[in-house]
Amino acid sequence: MIWPLMVNELKFYVRQPLCWLAVVLSCAFVFLLAAGLPGSAEQNPLKQLLFACSAVAMLVLPLLTGVLAPLAFLREQQSGMTELIRATPVSHFGWCLSRTAGLLLLCIVMTLLLSGVLLFGLWRADAVPFDQELIGTFLAIFLLQYMPALLLLCLLQLWLSLKFGSVVLLYVAALLLWAGYMALAAGTGSPLMANSQIVTPWLWQLMLYSDFYAITPLLQQFMTGQQTLQLDLTFILNRLVLLCACALLWWCSIRIKISDAAAAKSAMKPVVTSENSASTSSLFRAVPVQHSAFYALWQLTTLNIRQLMLHPGSWLSLVGLAALAFSEVVSGADYAEVMSVLTPTSRDALNQVMWDLVPRCGALLLLFWTTKLSWLNKSCDMHELVASTAVSGRMLLFSQLLCMTVMLSVFIALMLTAVMAAQLCVTSAPLLWSEYLLQAGYQWGPLWLLMLLCVSLHSLCRHALLALVLIVLVLALHMSPLPMMLGLEHPLWLLFATPLHAADELWGYQSSSAGFWPFIVFWFLLVLIPLTLALVFYHRGTGFSGPVLRAGFTPKLISALLFVLIGGSWQGWQLDHQLSAEQPLIHSFERLQWRANYETEYQHWQHKPQPVVTAVYSEVDFEPAEQSARLKLVFTLSNTTTEPIQQVLVGQHWAYPLQQIELTGAKLSRENRQLGQREFTFTSPLLPGQNRSLTVQLQLKQSGLWPAAMHQLIRPDFSYLRSVPLFPTVGFVPEYRIRDNNTRTEYGLPKLTAQKPSEASTENAAYQWVKMESVISVPVGQEAITQGALVKQWQQHGRSFFHYRTSRPLRAISAFVVVPWQKKQLQHGKVLLEIYAPEQNQSTELTMLAMQQTLSWFEQQISPYRGDVLRLVSMPELDSGGTGYALPQLVLINHRVGVRATQAADAGFSQVYRRAVHEVAHQWFGHDMGNGVPGDGVFLVESLAKYVELVLIEQHFGRDAMVALVGYEKERFARAQARSKSQPSSLIDSDESYDQYSRATLVFARLRAELGDQLITAALRQLWSRHGYPNTPASSMDFVRQLKAVSPVEKHGLIEQLLLGESIEGLL
Amino acid sequence: MLQINALCKTYPDGTAALQQLNLTADRGMFGLLGPNGAGKSSLLRTIATLQQPDSGELQFDGVDLRQQPTKLRQQLGYLPQQFGVYPHMSCRALLEHMAILKGVVHKTYRQQQINQLLELTNLTAFAHKTVAHFSGGMRQRFGIAQALLGDPALIILDEPTAGLDPEERQRLHNLLVGVSKSRLVLLSTHIVEDIEQLCSQVAILQAGRILVQGDTEALIQPLQGKVWLAYGEESALPAAATLLSSTYQRGVLLQRFYHEKPLLQFQNAVASLQDRYFLELQQHREEQQ
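Chains as they are written, first to last, in numbering that gives the first Met the number 0: chain U, 0 to 1067; chain W, 0 to 288.
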């Protein structure tokens, strides 16, 4: 009996357009997902496959079952066939079984199809090899991960549909499952979520057994260093818990008898029966009619609002989101980073939800509300009654727009109220009303425009499904990584997005506020087109015909549309022009082509003798208020070779074209504008030891349409320019070459022999150090900062001038920073220490202490600081800015974690101190040593800085603090390497940051325990004496050799195992 | 009042719903008769400006409805064949809503008319109940009430008595007769008896065309003395007879047929609108063949 019913089910699904739409959309999504995964032979194919499959499970399965469940379980109710179906001899058990099995079978077939697309995509991207092992792993994943999860999701939908009988509830449940799992994944360090981390250990433990996709127990296996999939006890228990949940749901479902469900429904909707009364003798009397637009608009709007607000989906979502916002702010407003807290302000509280939760959930709510509202009359079968009234289509549309405006405002107001309540709970900081209003406005604007588009599309499409597909496409471009995955990198592809970013306490919205209104105006003009069409052609729920369409396109309408189109195009062109002028919109494949052309055209210069830059004189005029700067740079080129130099190759970066380039004693012989390269020929050859001057000028202007990003930004309260890649290059730059051999083959380039750091040679290595002298002018009240000692400071023509000069050469990375804050100074021996921050507090005191103690330790143990001054400057939160960045003689520290943050009560060590030590240590590891050998890894830079952290924290805060740091890094390492898809490699050779930082901490903790600091510092001293500037630079292997040289022979095996071995055994 | 000339409407799937349809209707009740799919609802929806015709003229009181649909909607009362209601709204609240959309903005007048309509449709006791929970007949009465809101000059009722019990049906008849004295009531129904009782004018539609239109009495009159009854099984009808209907009367087969000349062996019957209706359909079928 069941089999024919199931066949019946499948025949039904085959005829449903929604099923086919789900197949097409999900396949397209999975293909894009697979295409977006970077493939490399160096990655672990098992992890790659598992994570890809898990991503599909997490992102697709709940939505797929959610979309199909109403078809399976509520189709009678939707099409008014309930009684017909109930009158058939199919029992409730048989109904449940056939419907669930049918849906499950459909989902299995679709998931198999999706898996095929996924595997094809992964194989095509070279992410996984297509072999027997892969097929076996995939089958295991399908049987153990997909099938049980699908069973649970289908049974959950069955139970919900029987219990509540609401389609919307099924959709909301699917959406909550989808979003809820992602939130849990983000809170348990799932590899599928960017920047996720374990929030609390109990949540991790809970997910080990209740994660219905079984990603957490699998992740636990990888955290112990395991590289293959195994059915351990935790995994088996997890699956058993899931099966028990399935059994419970099934039991609950079959216990809900059809009659019970019907009774429940009828209890909800009691049918009122007529009571015939005596016939009346009164006659019908007409009343005066006076058509009033205001009354009609008011009536329609209030009815629409009432209908939306009374919908369970609306108030459940609003209450749920408000609760979520409240909990987000309460739990995270004072979070600076792990083990650090800050005193949250209104801005911090709002930032928790207003830039992520509100826009995303707001867009989804708009989708729900506009669909519900636009098709309300149709779904209630009231469309003809309403359409036959004298209320115009425009009025109906206006009422919808007004209603949606109110609903959107209610949503924003509710979220603000939740944040406000949470802020009052967690901090005594005053409520900043202006910040609340500002953030509300910033979020309301784009969502309102999106609402206009949604309503317009619904009004123009005769079929709700078509309108929904269009809107979902818009939302996908609006808030998913789809544009990037499709290679659409222009900012205007992110529909209805503006460059506006969350405000930072340091500089407010200066990073991106200039771009907000130009983008909003553009989107508004764009949305005016469908809105105008909707106002003219609104179908009123009864459809429109050809004659209406033809008659509607009046000259007036066409003129209006053309006017808006021209306005929108002009604004779009302006945006594109300004964006391109500031940062050329070069596609990734164009950049690769540039690199390939550069290598082909100029690689022969690699073997030509070229002068090197030995000194840089800079004149920089900053106009922070105008977001511009003028640079005049004079480079001293010296011939340090033994042969005369006839020609020089001078290059520029594509984003920063140079102006007025002059090379003394030389003339421009050839110029390639496309590649930005100029070849100069000396009138008389540059003899060994001789110098020439290269003078260039550079004009920078930032419109603010691009959000501020490292390392070139000019804003009123913080400006920072780094010489790389601003300054011209001399000679061939090997770093421009494409590294990946597969890509090289695509562009017709020969393969490069990749040299691992453990094989790096110092044969051709040389330090590129220069002397620097800079004169920087800024508006009065601003402070200009760069490398070297401040020789002179004066004011002239209403501007402040700062003259800096370095006494010795230093690594050739210049940087210019302008801030409006006063500095705090401290003389430490011969070195002047300076901290620039908007406020001086206990964290800046601690930072100053860290700077002194680090300098002292290096001076005593390794080598004294080479500069006269060491400066540390607070920097705002920036995309890809990190929390700290060390330049020669200049350190940038994130204001939030470096100045505002303090040590959390339960933290074993201070992150503020640790970070300051780490960045200051880079003055030795990075800028003194570790910058001369091309192809060497970052072991000499980052890993050794981690060693200094361990030593200084133990020295000044005790052993427990050091153990806490090791524990923190151990947890980070376990989590990161479990998430990583890379093949294991040695610490010296690793490209992975979790190895370079966390594993390095564990390795040095072990080496300290086994060898002691004396031997390690002895090795470092040897390294400095042999390889310090101006000697031959050191490679990472030189450190290993020095360490072995000073260590007992019996420890050599351990040193090799920890630094050169791939195994991480004993570290976790 | 209503003037329709050469009206055509073809749906995207190729169905020709209205074909060169001509119709004239004056004040009073006008009945539209026709089998399923004849185009009655299409015609009513087109008159109600819910859909645009492909071609033809459509005027009400001299107003071109294709050019000025809003003019008609300002004086239209419409009850479609099928309709639904908003959830969570009481009968009175929904009538208030519809009244305002129809331009009854004066609160006192609105309240008065709603009270009166509730009474006329026998819904006073249920004014505060949710309409979505009403039975079929009650919902239909609500539909009639909303169609009468304001001061409609044209009232279009598509199957208004569907689902009404005999008593309510009678009440509606009485109401409509009163209402139609100063306005045009277009009534579409399958119950020929209703139209015969209520409508002074009638039109019979088939396949998107008007087969016959005119005064109800005048349409019946030509059949008087030409409709015959035959009782019993399989009565042999004369060759020139047109069978109008075969029904059973207490289990005995009763055939009504049309024959021009007197027949002695059959009983003569009083002609009705239904006879004319069946006769027109029969003749149309024969013409088609």
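Think of the hints as simulated: they come from the structure by calculation, not from any bench.
No residue lacks a Cβ here, since even glycine has one placed at the ideal position from N, Cα and C.
Among the hints, erroneous ones may be present.
Derived SDA-like pairs: lysine to any residue, alpha-carbon spacing no greater than 20 Å straight-line [to be verified]:
id	chain 1	residue 1	chain 2	residue 2
1	W	K70	U	G392
2	W	K70	U	A285
3	W	K106	U	V868
4	U	K377	W	F82
5	U	K377	W	Q51
6	U	K371	W	G83
7	W	K70	U	K377
8	W	K128	W	Q66
9	W	K106	U	W297
10	U	K555	W	Q66
11	U	K377	W	H96
12	U	K371	W	P86
13	W	K106	U	Q298
Using C-beta positions, here's what the derived DEER-type ranges look like [claimed, not checked]:
id	chain 1	residue 1	chain 2	residue 2	range
14	U	R305	W	N21	42 to 48 Å
15	U	G179	W	D63	53 to 59 Å
16	W	H127	U	L17	22 to 28 Å
Residues of chain W placed beyond 12 Å of chain U at every Cβ, according to the derived structure [as the list claims (entries may be wrong)]:
id	residue
17	T23
18	A146
19	D150
20	S199
21	T241
22	H258
message: Run the distance test for K371 (chain U) versus G83 (chain W): straight-line Cα separation, threshold 20 Å.
response: Roughly 16 Å separates the two Cα atoms, so the pair holds.
query: Given the hint that K128 (chain W) pairs with Q66 (chain W), does the C-alpha gap stay at or below 20 Å?
result: violated (40 Å)
message: Next pair to validate is K377 (chain U) with Q51 (chain W); report whether the Cα-Cα distance is within 20 Å.
response: Status holds; Cα separation ~19 Å.
- request: May I ask you to check that A146 (chain W) keeps its beta-carbon over 12 Å from the closest beta-carbon of chain U?
  value: violated (9 Å)
message: Holds or violated: K555 (chain U) and Q66 (chain W), Cα atoms, limit 20 Å.
response: Within the cut-off at roughly 17 Å; holds.
Whether T241 (chain W) stays farther than 12 Å from all C-beta atoms of chain U, as the label says: holds (38 Å)
query: Going straight from one Cα to the other, do K371 (chain U) and P86 (chain W) come out at no more than 20 Å?
result: The hint holds at about 13 Å.
message: For a C-alpha distance cap of 20 Å, please report whether K106 (chain W) and Q298 (chain U) respect it.
response: OK: K106 (chain W) and Q298 (chain U) at ~13 Å, within 20 Å.
Given as non-interface: T23 (chain W), which should sit over 12 Å from chain U by C-beta: holds (22 Å)
Restraint status (C-alpha distance of K377 (chain U) to F82 (chain W) at most 20 Å): holds (10 Å)
- request: With 12 Å as the threshold, tell me whether S199 (chain W) passes as away from chain U on beta-carbon distances.
  value: holds (18 Å)
field: Pairwise hint evaluation, W297 (chain U) against K106 (chain W), where the allowed Cα distance is 20 Å at most
entry: holds (14 Å)
Of the numbered hints listed earlier, those contradicted by the structure are 3, 7, 8, 16, 18 and 19.
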